[in-house]
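Can you make the complete structure from the sequences, with help from the hints?
As numbered in numbering that gives the first Met the number 0, residues 0 to 155 make up the sequence shown, in order.
Keep in mind that a hint or two might mislead.
Derived lysine-lysine pairs resembling BS3-like cross-links, with alpha carbons at most 25 Å apart [claimed, not checked]:
(1) K27 <-> K52
(2) K8 <-> K149
(3) K52 <-> K34
(4) K22 <-> K34
(5) K149 <-> K115
(6) K8 <-> K22
(7) K132 <-> K149
(8) K27 <-> K8
(9) K34 <-> K57
No lab work stands behind these hints, which were simulated from the structure alone.
Just so we're clear, the structure is a prediction, and the values are computed from it rather than from any experiment.
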Amino acid sequence: MAKTFKVTKERLQELRDELDYLKNVREKEVADLIKEARSFGDLSENSEYDEAKNEQGKLFSREAEIENILANAEIIEFSSDTNEVHTGSRVTVCDMSDGSNEEYWIVGSQEADPYKGRISDESPFGRALVGSKVGDIVNVEAPCGVIEYKIVEIGN
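In structure tokens:
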């Protein structure tokens with residue numbers, strides 16, 4: 000069974016737009032690069048041709064990756080349930096070691112960006128948070144040891 004990818008409607012549209020650009024614009028650009036490189040003669044020692052073919056391989060690989068994500072996408076449905084952390088929740092946690100609060104958004108792996116506070120539901124931190132309620136203490140395995148967090152607030 001294929002892996003499902005949890006994505007927001009916005010991310011799904013971004014992927015469709017990227018695939019459209021790759022197929023309708025970038026493929027033609029790479030084909031032109033290959034055509035130009037062929038005109039330089041002997042392909043066995045033509046670095047421009049090799050580079051263009053490598054670019055074409057990366058392009059086709061990215062297209063296949065996006066098509067797989069689109070074919071197996073599961074839209075994250077935002078609910079008004081703020082009793083329990085789930086994918087799509089915004090969670091405020093308190094680091095029990097220093098008392099600092101931080102807010103995170105639990106998203107699918109395709110949208111994770113820890114620097115922007117977007118935590119994958121498949122990451123150790125995301126897995127620890129999902130299913131928790133306000134007031135719960137969660138333990139997260141980290142390279143520096145176990146870190147304790149208290150769930151302060153759950154929103155959408």
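Structure-based check of all given hints:
A threshold of 25 Å between alpha carbons decides the hint, and for K27 with K52 the separation of about 13 Å falls inside it, so the pair holds. Restraint check for K8 and K149: the C-alpha separation of about 30 Å exceeds 25 Å, so the hint is violated. In summary, the hint linking K52 to K34 is supported, as the alpha carbons are separated by about 10 Å, within the 25 Å threshold. Restraint check: the Cα-Cα separation between K22 and K34 comes to about 17 Å, which is no more than 25 Å; the hinted pair holds.
Distance check on the hinted pair: K149 and K115 sit about 20 Å apart at the alpha-carbon level, within 25 Å; holds. This hinted pair checks out: K8 and K22 have alpha carbons roughly 21 Å apart, not beyond 25 Å. Distance check on the hinted pair: K132 and K149 sit about 9 Å apart at the alpha-carbon level, within 25 Å; holds. Proximity of K27 to K8 is assessed by CA-CA distance (about 28 Å); at most 25 Å being required, the pair is judged violated.
For a cut-off of 25 Å, the pair hint linking K34 to K57 stands: about 17 Å separates their Cα positions.
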